[in-house]
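> Below, each chain spelled out in residue letters.
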Amino acid sequence: MIPELGHLALVLALMMALVQSLWPLYGLAAGRPIYMRLAAPAALGQFLMLGVAFAALAWAFYVNDFSVVYVADNSNTNLPWFYRLGAVWGAHEGSLLLWMTELAAWSLAVVLASRSLPREVSSCVLAVMGLVSVGFLVFTLATSNPFTRQFPAPGQGRDLNPLLQDPGLVFHPPMLYMGYVGFSVAFAFAITALITGRVDSAWTRWTRPWTLAAWVFLTIGITLGSWWAYNELGWGGWWFWDPVENASFMPWLVGTALIHSLAVTEKRGIFQSWTVLLAITAFALSLLGTFLVRSGVLISVHAFATDPARGVYILGLLAGVVGGSLLLYAWRAPRFATGTEPVAVLSREGLLLLNNIFLVVAAAAVLIGTLYPILADGLGLGRLSVGPPYFNKVFLPLTAPLVLLVGGAATMAWKRTRPVVLTSRLWLPAILAVLVGVGLPLFTVGTHAVVAVAGCALGSWAILAAFEDIVRRTRGRRLKLPRQIIGMTLAHVGVGVFVIGVSLVSGFGGERDIRMRPGQSLTIAGHNVTFNGITAQQGPNYVAQVGTFTLRQGDRVVSRIHPAKRRYDDSDAVMTESGIDRDVFGDIYVSLGDSLEDGAWSVRVYNRPFVRWIWAGGFLAALGGLLALSDKRYWRRRRRRHEPHDPAAAARGHARREPAV
Amino acid sequence: MRWPVVIPGLVLIGLVAMLGYGLTRQPSILPSALLDRPAPAFNLPTLANPDRHVTTQALQGQVSLVNVWASWCVACRAESSRVAEITQRTGVPVIGLNYKDKRPDATRWLTVFGNPFSVVAVDASGRVGIDWGVAGVPETFVVDRQGVIRYKVVGAITEQQMNQRLIPILNKLKSAS
Chain A
1 MIPELGHLAL VLALMMALVQ SLWPLYGLAA GRPIYMRLAA PAALGQFLML GVAFAALAWA
61 FYVNDFSVVY VADNSNTNLP WFYRLGAVWG AHEGSLLLWM TELAAWSLAV VLASRSLPRE
121 VSSCVLAVMG LVSVGFLVFT LATSNPFTRQ FPAPGQGRDL NPLLQDPGLV FHPPMLYMGY
181 VGFSVAFAFA ITALITGRVD SAWTRWTRPW TLAAWVFLTI GITLGSWWAY NELGWGGWWF
241 WDPVENASFM PWLVGTALIH SLAVTEKRGI FQSWTVLLAI TAFALSLLGT FLVRSGVLIS
301 VHAFATDPAR GVYILGLLAG VVGGSLLLYA WRAPRFATGT EPVAVLSREG LLLLNNIFLV
361 VAAAAVLIGT LYPILADGLG LGRLSVGPPY FNKVFLPLTA PLVLLVGGAA TMAWKRTRPV
421 VLTSRLWLPA ILAVLVGVGL PLFTVGTHAV VAVAGCALGS WAILAAFEDI VRRTRGRRLK
481 LPRQIIGMTL AHVGVGVFVI GVSLVSGFGG ERDIRMRPGQ SLTIAGHNVT FNGITAQQGP
541 NYVAQVGTFT LRQGDRVVSR IHPAKRRYDD SDAVMTESGI DRDVFGDIYV SLGDSLEDGA
601 WSVRVYNRPF VRWIWAGGFL AALGGLLALS DKRYWRRRRR RHEPHDPAAA ARGHARREPA
661 V
Chain B
1 MRWPVVIPGL VLIGLVAMLG YGLTRQPSIL PSALLDRPAP AFNLPTLANP DRHVTTQALQ
61 GQVSLVNVWA SWCVACRAES SRVAEITQRT GVPVIGLNYK DKRPDATRWL TVFGNPFSVV
121 AVDASGRVGI DWGVAGVPET FVVDRQGVIR YKVVGAITEQ QMNQRLIPIL NKLKSAS
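Residue numbers (our numbering), protein chains in the order written: chain A, 1 to 661; chain B, 1 to 177.
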């Protein structure tokens with residue numbers, strides 16, 4: 001009964017989405033503003049219906065209703081309840097439902113936060129989001145209904161893919177999807193701008209917080225994903241250039257470019273059509289990611305069970321949504337008033353333009369690498385896959401200058417900056433960066449690799465230059481900085497921390513792949529690792545062989561770590577749980593291989609210096625985004641909305657607009 | 001109209017055309033370097049009796065399938081019944097190549113999920129797998145009367161692959177003398 005209710009709620013959600021999209025658009029076209037009012041209640045209705053559908057599916061998982069095919073395929077009575085909850089989005093159908101529920105949640109957020117917007121703008125935004133929702137709801141109902149039943153119901157489910165039985169899975173997909181889907185808001189604002197023909201500073205001020213919010217979610221999602229892969233896959237790696245990782249990385253790169261170009265458009269009234277195009281592209285790449293994961297065109301560890309019919313539909317949806325937007329763009333974008341002033345190279349907008357170029361080219365490079373296997377096949381070059389060597393080779397020269405630019409971000413003024421200002425402010429951070437770049441590896445890792453030292457110096461440069469700006473701004477006077485400035489600084493520090501982490505882990509990381517018997521030990525990165533033995537343990541739905549390794553530095557016992565191999569009862573799949581000694585300056589990572597004869601095991605031991613800095617950088621950047629998002633300039637509008645009858649307050653709100661960054 | 005505004009549209013058209021083409025191809029059918037070459041020689045003990053050996057000779061004289069499987073492979077469980085269906089419908093014997101597995105596990109697996117194989121060769125070290133270019137489990141090879149590899153499926157055989165590719169190919173090879 002409950003699953004049928006869920007199915008019904010999905011159908012009703014589709015009806016609501018149709019109302020949310022078609023009515024306001026008709027109202028806009030026919031000049032009947034009254035119809036536009038329907039967008040907001042319809043969005044609320046759609047959210048409620050999808051919430052009901054989502055809850056119904058979660059309930060089916062909670063009570064182990066195996067008559068629902070999707071539940072039987074992805075759950076099991078032995079699965080702990082929080083993994084059963086995570087299993088709701090553990091495969092294609094459920095994750096699609098999550099996708100749509102989050103889209104509806106974003107629509108609702110637009111309804112709640114945009115009451116101060118002109119009605120035609122907010123209705124148009126909601127209508128565009130409703131159209132996207134219609135596309136996905138039809139897709140779900142037609143090809144991927146999560147509520148399909150089977151009779152007789154099996155007594156036991158097939159269990160969730162053991163790879164996904166990790167706390168990371170419970171949070172990683174919802175975060176990532178919030179990011180993907182969040183770009184639909186920026187996209188909807190872009191379409192609205194094309195329809196109404198207005199890209200002014202008001203438009204950018206509405207669009208910026210939404211873009212920032214989506215970007216924060218995506219950043220957290222990707223960082224969590226990398227963290228999960230490191231812990232769960234047992235390869236000691238944090239990024240694999242897997243097609244699906246790339247699918248999340250491309251919108252991130254373009255979204256980052258969008259955040260920066262929005263700043264330029266708001267402040268200087270230039271790059272309008274470029275900004276609109278970026279907003280469309282960011283969402284288009286989100287849709288492309290959805291296509292890549294679910295169509296089976298590429299082989300990936302993440303790919304869902306695939307079905308060609310689904311691939312065709314999503315490709316059609318992608319072509320329709322993005323094609324329609326680009327048609328509109330080609331038609332309307334030339335009408336935007338563009339600033340005629342040339343952009344000086346030594347100015348903040350010049351710097352941001354360069355940043356945009358690097359980010360977009362980087363995204364294009366990732367796109368080419370990801371899709372090259374298909375292209376090569378089409379050109380008759382054979383079946384091949386593009387791996388890390390390509391990406392590392394192409395990506396490094398693209399990101400290094402970008403990080404160099406990050407250091408100049410705060411110093412560069414709008415319009416024009418005199419070179420002498422740059423040199424007088426940045427010589428100190430530059431020299432310190434070189435010192436740290438050489439010193440940090442020297443005192444922590446010991447050995448030297450030129451590229452890693454250069455990377456470390458580059459990362460330090462980004463951090464130190466950001467701090468220089470804060471120190472200069474707070475010197476003597478104004479101790480209270482706008483949150484937006486702090487946010488930007490923090491995000492740039494995050495970039496620096498990330499770059500240091502990547503440089504040192506790739507430059508100085510090492511691994512040993514050896515056969516060990518209990519009692520034997522090996523030395524890696526100044527640590528002595530002793531294998532104590534293996535014991536068997538029974539988990540809720542698996543049997544584990546847990547190893548014990550003692551880590552010593554000199555005579556001091558640093559820690560005991562417990563890598564394990566789990567054999568899951570229901571799928572017989574064997575998963576590696578790595579054992580990690582975590583430290584700010586580096587991890588020792590042990591992963592159990594196969595059991596060999598006479599009690600010996602093949603063991604892989606990795607030295608991962610500074611690997612934690614990679615995720616720390618990601619989270620810092622996300623935190624910076626959050627801080628910027630909480631800046632008063634975005635919230636003042638909200639307060640104004642609560643007191644709409646006080647014209648003085650409204651006027652104040654306009655007059656006291658903070659200088660934009 | 002300024003011409004640069006149509007560039008994104010053109011990029012999209014190219015992209016969609018490429019992805020559409022990609023959809024028509026199944027990435028799971030990898031051309032094997034061994035295609036149309038004689039099957040690499042092997043001499044392995046059987047699962048039923050470690051003293052009895054099965055060699056490349058077993059592939060001579062009739063069309064056969066070689067299915068690489070392991071008890072630790074999740075996809076193999078679902079594939080087992082499909083392999084059984086293929087032998088039933090075509091009468092082609094299937095030689096199982098038990099890859100990097102343990103004998104007791106493999107034997108238990110066959111009793112639980114059914115044994116569609118005429119004989120199971122045990123490749124505990126994975127050496128033969130390397131010769132055959134096995135990248136993952138399961139993989140399935142079609143070998144003709146002369147012991148030449150004619151077709152290869154990577155990953156579990158789907159119903160579509162079975163009906164549209166494997167069974168027609170097997171029937172064609174059988175009727176060719």
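A couple of the hints might just be wrong.
Unchecked claim - Here chain B is said to cover these stretches of chain A; the calculated rule only asks that three of the stretch's residues, wherever they fall, bring their Cβ under 8 Å from a Cβ of chain B:
(1) 99-110
(2) 311-319
(3) 371-377
Unchecked claim - Cβ pair distances, simulated, as ranges:
(4) B:A78 to A:I470: 44 to 50 Å
(5) A:D513 to B:V112: 32 to 38 Å
(6) B:H53 to A:Y62: 49 to 55 Å
(7) A:F395 to B:G20: 52 to 58 Å
(8) A:A153 to B:A41: 22 to 28 Å
(9) B:A84 to A:G320: 28 to 34 Å
Think of the hints as simulated: they come from the structure by calculation, not from any bench. Just so it is clear, CB atoms sit at the ideal spot from N, CA and C, and this is done for glycine as well.
> Next, verify each hint and record whether it holds.
The hints, checked one at a time:
1. With 0 residues having a beta carbon nearer than 8 Å to a beta carbon of chain B, the stretch 99-110 of chain A misses the requirement of three or more and the stated coverage is violated.
2. Requiring three or more residues with a Cβ within less than 8 Å of a Cβ of chain B, the coverage given for the stretch 311-319 of chain A holds, as 5 such residues are present.
3. Restraint check on the stretch 371-377 of chain A versus chain B: 5 residues with Cβ-Cβ distances below 8 Å, three needed, restraint holds.
4. Separated by about 58 Å at the C-beta atoms, B:A78 and A:I470 break the suggested range of 44 to 50 Å.
5. Taken as a hint, the range 32 to 38 Å holds for the pair A:D513 and B:V112, whose Cβ atoms sit roughly 33 Å apart.
6. Range check, B:H53 to A:Y62: about 53 Å between beta-carbon atoms, so the 49 to 55 Å window is met.
7. Checked against the given bound of 52 to 58 Å, the beta carbons of A:F395 and B:G20, roughly 28 Å apart, lie outside it.
8. Checked against the given bound of 22 to 28 Å, the beta carbons of A:A153 and B:A41, roughly 49 Å apart, lie outside it.
9. Taking 28 to 34 Å as the suggested C-beta distance range, the pair B:A84 and A:G320 does not conform, at roughly 43 Å.
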